[in-house]
Structures are given as C-alpha cells and as structure tokens.
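S.K.: Each chain is listed here by its residues.
2 protein chains.
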Amino acid sequence: MAHDVSIVTEAELRGLVSLNGELIEVIESGFAALAKGKVTMPPILSMELEKANGEVDVKTAYIEGFDGFAIKVSPGFFDNPKLGLASLNGLMIFMSAKTGLVQAVFLDNGYLTDLRTAAAGAVAAKHLAPKEVRVAGVIGTGVQARLQMQAAHLVRPFERLLVFGRDMQKAARCAADLSETLGIDCEMTTDAADLVAQSQLVVTTTPAREPVIKAEWLHKGLHITAMGADQAGKNEIDANALAKADHYVADNGSQCMVSGELEAALAAGVWPEGKMPTELGDVVIGKAEGRRSEADITICDLTGTGAQDTAIATYVAQIMDGVGTKIST
Amino acid sequence: MAHDVSIVTEAELRGLVSLNGELIEVIESGFAALAKGKVTMPPILSMELEKANGEVDVKTAYIEGFDGFAIKVSPGFFDNPKLGLASLNGLMIFMSAKTGLVQAVFLDNGYLTDLRTAAAGAVAAKHLAPKEVRVAGVIGTGVQARLQMQAAHLVRPFERLLVFGRDMQKAARCAADLSETLGIDCEMTTDAADLVAQSQLVVTTTPAREPVIKAEWLHKGLHITAMGADQAGKNEIDANALAKADHYVADNGSQCMVSGELEAALAAGVWPEGKMPTELGDVVIGKAEGRRSEADITICDLTGTGAQDTAIATYVAQIMDGVGTKIST
Chain A
1040 MAHDVSIVTE AELRGLVSLN GELIEVIESG FAALAKGKVT MPPILSMELE KANGEVDVKT
1100 AYIEGFDGFA IKVSPGFFDN PKLGLASLNG LMIFMSAKTG LVQAVFLDNG YLTDLRTAAA
1160 GAVAAKHLAP KEVRVAGVIG TGVQARLQMQ AAHLVRPFER LLVFGRDMQK AARCAADLSE
1220 TLGIDCEMTT DAADLVAQSQ LVVTTTPARE PVIKAEWLHK GLHITAMGAD QAGKNEIDAN
1280 ALAKADHYVA DNGSQCMVSG ELEAALAAGV WPEGKMPTEL GDVVIGKAEG RRSEADITIC
1340 DLTGTGAQDT AIATYVAQIM DGVGTKIST
Chain B
1040 MAHDVSIVTE AELRGLVSLN GELIEVIESG FAALAKGKVT MPPILSMELE KANGEVDVKT
1100 AYIEGFDGFA IKVSPGFFDN PKLGLASLNG LMIFMSAKTG LVQAVFLDNG YLTDLRTAAA
1160 GAVAAKHLAP KEVRVAGVIG TGVQARLQMQ AAHLVRPFER LLVFGRDMQK AARCAADLSE
1220 TLGIDCEMTT DAADLVAQSQ LVVTTTPARE PVIKAEWLHK GLHITAMGAD QAGKNEIDAN
1280 ALAKADHYVA DNGSQCMVSG ELEAALAAGV WPEGKMPTEL GDVVIGKAEG RRSEADITIC
1340 DLTGTGAQDT AIATYVAQIM DGVGTKIST
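So the protein lines, in turn, are chains A and B. Just so we're aligned, residue 1040 is where the first sequence starts under this note's numbering, counting upward by one. Just so we're aligned, residue 1040 is where the second sequence starts under this note's numbering, counting upward by one.
Check each hint, because a few of them may be wrong.
So the derived list for chain B, only partly shown, Cβ under 7 Å to chain A, looks like this [stated by the list, open to error]: (1) SER1045; (2) GLU1049; (3) LEU1055; (4) LEU1084; (5) LEU1088; (6) ILE1110; (7) VAL1112; (8) PHE1116; (9) ALA1136; (10) LYS1137; (11) LEU1140; (12) LEU1146.
Just so you know, these hints were derived from the structure itself, not from any lab. Note that this is a predicted model, so its numbers are computed, not measured. Glycine residues also receive a C-beta, built at the ideal position from the N, C-alpha and C atoms.
Here chain A stands alone, though its shape is the one from the complex:
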C-alpha cells in the first residue's frame, strides 16, 4: 500500500522551528520520559571511516506514548572545511511507532540536533542554575556557543555575557552576534578564569581533550553546563571540579561515564566506581533534587540522547502541516 513520505529541507525546518519556550518544554518532556523509564534507547551505532577522517553515528529512542520515533544519522567528516563544507551534517528519519512506516525525512544537516542540544542546556539551567543569573559566560565560539546562550537566556534572562575562545577574532564575532541576538551587553575576554569568576552560569561548548575549566575556579552560586564532550577522551572540566561541586547531574548516567565529563572523573578516582549519578530527567520530574540553595555549586554534563531526537522530531511532525515535498512510495 503506497504511503506519503514528507521530505523537509533544512531551510524549511528553519522556517518551522526555532529555539523558544515551547521547544524547551518539548525537550524537557523527553527527559521526563527518560526518568519515568518510558524510553527504549539502544546503544549508539558508530562507525569510523579512518581514511576520510570521518565518522558516522546513528541514534534512536522510542518514548512510550509518542506516535513516532526518530532515527538520527550524524556524520562528522573533519577534512570537510578544506573543501568548503561543514564537518557535521546528517538527517533524521521520523517513523510511525505503530507501523514502522517512514513518515518524514528531515534533511536538516544537523539543525534539529543543534536545537535539541541547546534546548537541553536550557532544561539544565532551568533546574540547576541559581534563580538569579546576572552574568553568564560561554567557553567556545561556535554554533553551540550562540545557541546555548540563546537557550539559557530564555530561562535565566541575564544582563551581561562573557565569551571566551582560543581564537580572539572568533570570540569577538561570537560576542557581537550574541549582543545583537539577545540585545544585551556581550564581551569577549581572554581570561577564562575571570569569566568563571564573574558568572553565575557558565556553558562549555568545546571539543577539548584537556580541561578548559579548573577546579579552583569554582565558586559559590555557580552553575556549569558542559555540553562539549560526547566521546571517549573529550574533557572540558577538571576532574576535581566534579568532587568539589555540591551536585553533579548527568543527562544519561551510563553515557556520561564513557563519553562525558564523568569519564575523566572516574579515571582520576574522584568519582566512586559504580556510583550512578543523578540524572537530569529525575530532577525534571522531582524524583531527585536539583539546586538546593543559591550558594550551591552545580554541574550538568550533557552528552546528547536519542530521546531528545525523538522528542524534537515528533514535535516537528506535529507542526509541519504540509511543509516539505510529499513523495508517494
């Protein structure tokens, strides 16, 4: 029996969905489902293409009660910039959870991933950052630096933003862009320690393999979201910082142990072997505590989950209303 598949391009998706309160709620609901144990999420399929300096990951998750589920294909080919192409690309397939029929193919080139990743940052800030954030800081100057700060600003409307990056030109450009987008005072800084000292909310968005934040920089009333590490070997925050913080929260405990900040903390022996950390979904549904006082130091570790992909893909399928090219197959 023939059925229609909607093919939706990145441009069409950009017209349909952007970072706002509604999307943050959608992603929050994905974390809530994860916590309620209503998510089936198999391990990531990952393949390396050594000769091409490339890799491809496939993630999926089924959330009970959702009409459909996403299968996300994320290639990363790191010589692409030499060819004038983005390193990260990919698509999402949205399938019926009742029949397995393909409903839509989102040719998003990673746009939906960017959004759901930033929205998870907002969920973390909403539940873990101090109520009052006057100054925020971002480490990194790429797409996620911009999106994370837009997302965080929706839940903690800070007045001032500091941007640190190894490349001063890029940091200045990122600060200028965010100043325009958020309509607030944004400055670049060459001093990451000072950025942390001045901020109540810091987001790290780098592919670092050596910590960019030192444990001694942590101060009362600070929340850090580390979203850069998503693979074994990546590490943005000094292992000792996890011990020093009052509360460490993972998006997914077992993933963070192998590919998040928790990996380095376990290796350094500052996190007890076998101890499962609090998960963000548990905080969202009130099963676990979030921030206990304004003075707490909190860290949230985001590695990215298939549940977020299924949540955003389902949302897009609900609102797309005829957008895209219908192909009968």
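Following the hints, put chain B in place on chain A, whose structure we already have.
M.R.: Positioned in the frame of chain A, the structure of chain B alone reads:
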C-alpha cells in the same frame, strides 16, 4: 553550502534495478571486499517496540575504495498485515564516503534488501552448489522464496522446481508464479523430505524457530542455502545437519554464531565452541575451498550483512542517472 539529495521511490528503484547477473556480481564484490578485510562493519543497532509488536534494525558498512556507503533502516512491525500493510518496510540512505554528505535516500520499502538478499543466495549457489542442478527446491512461499529461486536459476539453470510451504494454497501460488517467471516446470509438494530427496539445491526462506530440514534428509550432491534465520532463536536446519555436511559456510561467522543456523549447532554442541567457520567471501576470493566434489554436502548460512547494502546502494547510485526527485538542502 547547499547540495542536492536524490529521493528515489520504490517504483523508480524497480525500474532501475532487478535481479540479474550484473547485480549478482555487485554483491559478490561486496563479499570479496569482506574477505579482504576491507570492510568496516559495526554491530547492528536494534530496537524493540514491544507494545507495537515491532522492531527496527539499522545496518551499515564501509567498503574501502567505494565512493559511498549505505545506512539501512529496516523496521518489522508484525501486526501491520491486520492493517493491510506489509510487515517489513524501510529505506536506505546513501552517503559520500569522502564528505559524509547525504547523496540519496532510497525509499525502497525493503526492495533493495530483497534483491541483495536474493543475490547473496546466487553467490552461495554459484560457489557451493553442484555444477549440475536439475531439480531445485524451496521451503517457504513468500517474496524471498520467489526471488531466491530466480537468483539461483541465473547461476544454476535447473529444469524443475519444487515448492513446500505449510499453507498449500500459498505453495501452489508460489509454484505457479515461479513457473511463469522461469518458464520451467514448478510444482508444490506437501512432503518436505521428498523435496530435499529430489533436489540438488534447496533454499530455505522461512522464519522458523524449529528446524524445517532434518539431518537424515541430507544426501550426497546436495547444497542447501538457509537464508531465513537472521535473529537469535530462529533455526531452519537441524543442528546435526551442520555436522553431517562436508562443508558449512557462513556469510559472516560471528553473525551466524548469534543469529544464524550456527547458533543452534553451537547450543547443541555439534559445532566446536570458538571454531570460526569458513566465510562466503573467502570462498569467493579463493582463500577457502568451496565445494570439493559433486558428491559433497554443502550448507550456506546467510544472515545478511551491511556490506551487501553498501554494495547495492553504491551500484544504484552509479546507474540512477537523474532518476528520482532532487531536493536541494
């Protein structure tokens, strides 16, 4: 930078590619690459959707020297027939092995999988069946029963075909269809033992969990290809048959141990623990022996490999020449 993605429907794919000698060579080249160790093939991503009586598998493989690689999504939703829908559906994504950019989405509803599976049967028959096959038999009456016999007939042009199925109506229809397609004498039979006794080449194409072929039915000069088992617990051939055969060949040794006929043989203790079987690719490139004499009893176990998907997807991408809908993204 925008790039074009070709969306190709099942109908368009049926116009482009069918079962023929060229396609068999394409799939044979995939097995050859597997044997030469030039394939990266991560474990299958598999997710069960219990409530919907469904499952979805994702396979991929990179073959060195190939321009692209396939990611195949295969959903199986076994209550679909009640809704008038096929149980098996899905699609293949074809990506550049140099940049990771999506080149094409084949909305094939499983058609390319059907073809590459049948073509693997032909590769097995080519290298393992007796040179002279007068009578062939097929156990099972579905799509693969038909395609396997068409494929086998291309490499062993038998004169007569027997069809066995639990449902006599379906067996009769399958025999009638194949008689028309192949232009030879095809009959249904209600006696599987007699089918095996008369045949020099037998293909089993069932989802059986109890053997449909008994060890005592094996006779000199017989080749069996078992392509039905592709999951733990499935089993078409009596475990003792593997011990009785002169030569047992797997499409992929480690896959067959967990999801092919080898699984039951290992469990029954008739296959030595830890002994890696001969693989079809090794036979294709002459690294391992195939059939040694016309009197040999041979068995080939096909569970399906991502290399076959990449081989057929690459072939389709080469010949598609403007077919499909181009979407700029």
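S.K.: Take the shortest C-beta to C-beta distance between LEU1146 of chain B and chain A; is it under 7 Å?
M.R.: Check passed: Cβ of LEU1146 of chain B comes within 4 Å of chain A, closer than 7 Å.
S.K.: Report holds or violated for the interface hint on LEU1140 of chain B, using the least CB-CB distance to chain A and a cut-off of 7 Å.
M.R.: Cβ of LEU1140 of chain B sits 6 Å from chain A, so the hint holds.
S.K.: Measuring from the C-beta of ALA1136 of chain B to each C-beta in chain A, is the shortest one below 7 Å?
M.R.: Holds - the Cβ of ALA1136 of chain B comes within 7 Å of chain A, reaching about 6 Å at its closest.
S.K.: Are LEU1084 of chain B and chain A close enough, Cβ to Cβ, to be under 7 Å, as the hint says?
M.R.: holds, 4 Å
S.K.: With chain A as the partner, please determine if ILE1110 of chain B meets the hint condition of a C-beta pair closer than 7 Å.
M.R.: holds, 6 Å
S.K.: Does the CB of PHE1116 of chain B sit less than 7 Å away from some CB of chain A?
M.R.: Given a least distance of 4 Å, the restraint on PHE1116 of chain B holds.
S.K.: Classify the hint on LEU1055 of chain B as holds or violated, based on whether any CB of chain A lies nearer than 7 Å to its CB.
M.R.: violated, 14 Å
S.K.: With 7 Å as the cut and Cβ atoms as the points, is GLU1049 of chain B at the interface with chain A?
M.R.: holds, 5 Å
S.K.: Checking hints one by one. Is LYS1137 of chain B an interface residue toward chain A, by the C-beta closer than 7 Å rule?
M.R.: holds, 5 Å
S.K.: If you take the shortest Cβ to Cβ gap from LEU1088 of chain B to chain A, is it below 7 Å?
M.R.: holds, 5 Å
S.K.: Next item in the hint list is SER1045 of chain B. Is there a CB on chain A closer than 7 Å to its CB?
M.R.: violated, 11 Å
S.K.: So, as I understand it, the hint says VAL1112 of chain B touches chain A; can you test that by seeing if any CB pair is closer than 7 Å?
M.R.: holds, 6 Å
Hints 1, 3, counting from the list given before, are not met by this structure.
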